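K.L.:
Sequence:
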Amino acid sequence: MRFFILILFAGIVMNAGGQECKVLLPLIDSVYTGDCRRGLAHGDGEAWGVDHYTGHFKKGLPNGNGRYVWRNGDVYDGEWSNGNREGYGRFLPALGKGACEGTWRKNRFLPPIAADDWIHPYVVKQTVNIEKVNVRKTADEGSEVRIRIFRNSVPTQVFELEMISGSGDAQQNLDYLVFMYVSFPFAARLEYKLPDKGGAQLMECLIDFVITEEGEWEVCIYH
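Sequential numbering from 16 applies to the sequence shown in this note's numbering.
Just so you know, the hints here were simulated from the structure itself, not pulled from any lab data. Don't take every hint at face value.
To be verified - Below, computed lysine to aspartate or glutamate pairings styled on DMTMM-like, alpha-carbon distance capped at 25 Å:
(1) K112 to E231
(2) K37 to E61
(3) K147 to E233
(4) K112 to E175
(5) K147 to E101
(6) K152 to D190
(7) K112 to D155
(8) K208 to D223
(9) K121 to E146
(10) K112 to E228
(11) K212 to E231
(12) K152 to D223
(13) K140 to E219
(14) K112 to D184
(15) K73 to E35
(16) K208 to E228
(17) K152 to E231
(18) K147 to E35
(19) K140 to D155
Remember, it's a predicted structure, so these values are computed and weren't measured experimentally.
Starting from the given sequences, assemble the full structure and let the hints guide the process.
P.N.:
The structure is reproduced here in structure tokens:
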């Protein structure tokens, strides 16, 4: 009977031949099994750490097709490049809210922009449980999109907010939401919950919109 001994270090796997094989992504660098080249994970393999990845590697990083599972149960299944979600992929959150499938760039989901969207300065593509949306440009120069949500014409707080965009930094303030440092065309999706009119249950709300013209914008959502 043959015995194989694995000596494990943080970020290093020593195989039976004494070859070091490193994974360079910190959250999955504890244990690796699979193909190696020049001391790095390269080819098909599987890596564990705080998170777990199964798929293709290149020079120590996820590259090609692979499946990544976070410790909270979120899953991404799709294309990778140099350790980033890059290309086509599907993200499935453990709690079922905020799932998205399509194109990714540097770990960020890019909401789709259709050819017809370029005809107008902005397009509200979809709404769910929203009565009215007003979109207006507030300045010709800038790179900020501010969002205000109203209930009976009064600013309101929302629950379980998800802000998905193709660019920019998303922030939630006391009476408004904002995407800062965006690039245009800018596509975004908001998912959140509000109490229904009876106040007994939370209703799911959604808006998809695209802004193609540069500047600073304000999006007002009315319930």
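K.L.:
A separate judgement is required for each hint: does it hold in the structure or not?
P.N.:
Outcome of the hint check:
no. : hint         : in the structure
1   : K112 to E231 : 29 Å, violated
2   : K37 to E61   : 12 Å, holds
3   : K147 to E233 : 14 Å, holds
4   : K112 to E175 : 9 Å, holds
5   : K147 to E101 : 35 Å, violated
6   : K152 to D190 : 19 Å, holds
7   : K112 to D155 : 35 Å, violated
8   : K208 to D223 : 15 Å, holds
9   : K121 to E146 : 35 Å, violated
10  : K112 to E228 : 30 Å, violated
11  : K212 to E231 : 33 Å, violated
12  : K152 to D223 : 17 Å, holds
13  : K140 to E219 : 17 Å, holds
14  : K112 to D184 : 20 Å, holds
15  : K73 to E35   : 15 Å, holds
16  : K208 to E228 : 29 Å, violated
17  : K152 to E231 : 6 Å, holds
18  : K147 to E35  : 60 Å, violated
19  : K140 to D155 : 23 Å, holds
Hint check: violations occur at hints 1, 5, 7, 9, 10, 11, 16, 18; the rest are consistent with the structure.
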